[in-house]
Amino acid sequence: MEIVVSQEQGRVPVTVLHVKGDINTETYDQLQKQAEQALQAGTRYLLLDLTEVPYVSSYGIRAISHVFTLLKDRSQDKDVVSKGLRDGTFKSPYLKLFNPTPQVLKVLTTAGIDMFLEIHTDRKQAIASF
Amino acid sequence: MEHTLDVAAELKNLAVIRHFIEDSAKRLGAGLNTIEDLIQAVDESAANIILHGYKGRSGKIVVEIRKEGSALVVCLRDQARPFDPTRVPPPDLTLPLEERRLGGLGVYLTRQLTDGMSHRVTSEGGNELTLRKKIR
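Each protein sequence line maps, in turn, to chains A and B.
Take the first sequence: its position 35, counting from 1, is numbered 35 in our numbering, and each next residue is one higher.
Take the second sequence: its position 81, counting from 1, is numbered 81 in our numbering, and each next residue is one higher.
The set of hints was computed from the structure by calculation and includes no laboratory data.
Any given hint could be a false lead.
What the hints assert, rightly or not - Below, simulated SDA-like cross-link-like pairs (lysine to any residue); rule was C-alpha separation at most 20 Å, straight line: (1) Lys96/A x Leu93/B; (2) Lys20/A x Gly10/A; (3) Lys106/A x Arg27/B; (4) Lys91/A x Thr15/A; (5) Lys134/B x Phe20/B; (6) Lys106/A x Thr121/A; (7) Lys12/B x Thr15/A; (8) Lys55/B x Val88/B; (9) Lys91/A x Lys60/B; (10) Lys26/B x His3/B; (11) Lys12/B x Tyr55/A; (12) Lys106/A x Ile135/B; (13) Lys106/A x Arg132/B; (14) Lys60/B x Glu26/A; (15) Lys12/B x Gln30/A; (16) Lys12/B x Glu2/A; (17) Lys12/B x Gly21/A; (18) Lys20/A x Gly42/A; (19) Lys96/A x Arg123/A.
Stated by the list, open to error - Have a look at the derived ranges for each label pair, beta carbon to beta carbon: (20) Arg27/B x Gln9/A: 20 to 26 Å; (21) Met1/B x Lys20/A: 32 to 38 Å; (22) Ser6/A x Gly56/B: 49 to 55 Å; (23) Gly31/B x Gly42/A: 29 to 35 Å.
Claimed, not checked - Far from chain A by the CB rule (all over 12 Å, computed), these chain B residues: (24) Lys12; (25) Gly29; (26) Pro96; (27) Gly103; (28) Ser118; (29) Glu128; (30) Ile135.
These numbers come from a predicted model, not from an experiment.
Beta carbons: idealized from backbone N, C-alpha and C, even for Gly.
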């Protein structure tokens with residue numbers, strides 16, 4: 001798996017992780033570490049580009065959940081986040097997904113990830129949504 | 001017709017297992033959606049055998065796929081300690097992501113993406129997991 005990191009500017013600076021390859025038992029840790037590095041470098045808004053990801057296993061879901069938690073914990077709006085999580089209205093304003101394949105989207109929705117993360121299919125809209 | 005793969009229970013062989021399922025399922029007449037669901041289910045199951053069954057010890061996984069009527073049937077056999085994944089409770093998807101327990105999602109996806117899952121302990125004291133997927 002390869003991850004290409006880029007920066008884009010919408011209303012806020014957004015770090016895009018363009019993942020190429022499967023996110024599975026062998027590669028999920030690589031995604032987690034790349035996201036952690038981005039956060040340590042000051043990233044606050046992250047877009048995960050899944051255009052070239054043909055397969056996401058449950059370990060890939062685990063990695064996405066980990067990144068979600070990292071970004072949530074860095075939020076300064078902790079009260080807003082907690083309330084949103086409790087009443088089921090919270091979707092992360094810090095981590096969003098872009099352009100999963102139909103099969104990957106099926107796995108993400110089966111695992112309930114779409115309850116907490118916005119999933120976009122238009123890149124400009126995705127960047128502007130932060 | 002039956003297709004069989006016998007591999008060492010190592011994470012690097014998960015890709016071999018996925019390709020095997022893809023190629024065999026195509027030959028047995030399955031469509032893309034069926035194949036993709038079956039690949040996911042078998043990969044999740046095999047990963048669990050490697051990580052939780054053998055727990056890093058050496059061993060092997062035998063994967064067999066055949067057509068039965070209008071369904072594909074996949075059997076995964078191992079010699080790990082007996083464990084019945086059909087008894088694993090589903091994760092609570094209503095919980096916030098960080099509150100969900102880490103385990104169980106692979107089995108849950110397997111159950112959701114197939115049309116039947118059963119387990120038995122083999123005569124050698126290992127496991128046989130059978131997955132059924134209707135051909136669409």
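Okay, the hints, checked on the actual structure:
1. Between Lys96/A and Leu93/B the CA atoms are separated by roughly 19 Å; this keeps the pair inside 20 Å, and the hint holds.
2. A distance of roughly 23 Å separates the Cα atoms of Lys20/A and Gly10/A; the hinted pair therefore is violated under the 20 Å criterion.
3. Between Lys106/A and Arg27/B, the direct Cα distance comes to roughly 24 Å. Violation of the 20 Å bound is thereby established for this hinted pair.
4. This hinted pair checks out: Lys91/A and Thr15/A have alpha carbons roughly 18 Å apart, not beyond 20 Å.
5. Under the criterion of a C-alpha separation no larger than 20 Å, the hint pairing Lys134/B with Phe20/B is consistent with the structure, at around 18 Å.
6. Between Lys106/A and Thr121/A the alpha-carbon distance is near 14 Å, which keeps this suggested pair within the 20 Å criterion.
7. For the proposed pair Lys12/B and Thr15/A, the alpha carbon gap of about 31 Å is over 20 Å, so the pair is violated.
8. Our distance criterion of 20 Å between C-alpha atoms is met by Lys55/B and Val88/B, whose separation comes to about 18 Å.
9. The hinted pair formed by Lys91/A and Lys60/B fails the criterion: a straight-line CA distance of about 42 Å is larger than 20 Å.
10. A distance of roughly 12 Å separates the Cα atoms of Lys26/B and His3/B; the hinted pair therefore holds under the 20 Å criterion.
11. Between the alpha carbons of Lys12/B and Tyr55/A the distance comes to roughly 16 Å, so the proposed pair stays at or under 20 Å and holds.
12. Proximity of Lys106/A to Ile135/B is assessed by CA-CA distance (about 18 Å); at most 20 Å being required, the pair is judged to hold.
13. The suggested pairing of Lys106/A with Arg132/B holds, with an alpha-carbon distance near 19 Å, which does not exceed 20 Å.
14. Only pairs whose Cα atoms come within 20 Å are accepted, and Lys60/B paired with Glu26/A is accepted, the gap being roughly 18 Å.
15. A C-alpha spacing of about 15 Å is found between Lys12/B and Gln30/A, which places the hinted pair at or below 20 Å, so the restraint holds.
16. Between Lys12/B and Glu2/A the alpha-carbon distance is near 17 Å, which keeps this suggested pair within the 20 Å criterion.
17. Proximity of Lys12/B to Gly21/A is assessed by CA-CA distance (about 15 Å); at most 20 Å being required, the pair is judged to hold.
18. A distance of roughly 23 Å separates the Cα atoms of Lys20/A and Gly42/A; the hinted pair therefore is violated under the 20 Å criterion.
19. This hinted pair checks out: Lys96/A and Arg123/A have alpha carbons roughly 11 Å apart, not beyond 20 Å.
20. For Arg27/B paired with Gln9/A, a C-beta distance near 50 Å fails the hint of 20 to 26 Å.
21. Restraint check, Met1/B to Lys20/A: a C-beta distance of roughly 35 Å satisfies the suggested window 32 to 38 Å.
22. Range check, Ser6/A to Gly56/B: Cβ separation about 37 Å, and the 49 to 55 Å hint is violated.
23. In this structure the hint that Gly31/B and Gly42/A lie 29 to 35 Å apart at CB is violated, the actual value being about 46 Å.
24. For Lys12/B, the condition that its CB be more than 12 Å from all CB atoms of chain A is violated, with the nearest at approximately 7 Å.
25. With a minimum CB-CB distance of about 19 Å to chain A, Gly29/B clears the 12 Å threshold, and the non-interface call stands.
26. A cut-off of 12 Å between C-beta atoms contradicts the statement that Pro96/B is not in contact with chain A; the least separation is 4 Å.
27. Not every beta carbon of chain A lies more than 12 Å from that of Gly103/B, the smallest distance being close to 9 Å; the non-interface claim is violated.
28. For Ser118/B, the non-interface assignment is confirmed: its Cβ lies about 20 Å from the closest Cβ of chain A, beyond the 12 Å cut-off.
29. Against the 12 Å criterion, Glu128/B stays outside the reach of chain A, whose nearest CB is about 22 Å from its own CB.
30. Residue placement check: Ile135/B keeps its beta carbon more than 12 Å from all beta carbons of chain A (closest about 17 Å).
Of the numbered hints listed earlier, those contradicted by the structure are 2, 3, 7, 9, 18, 20, 22, 23, 24, 26 and 27.
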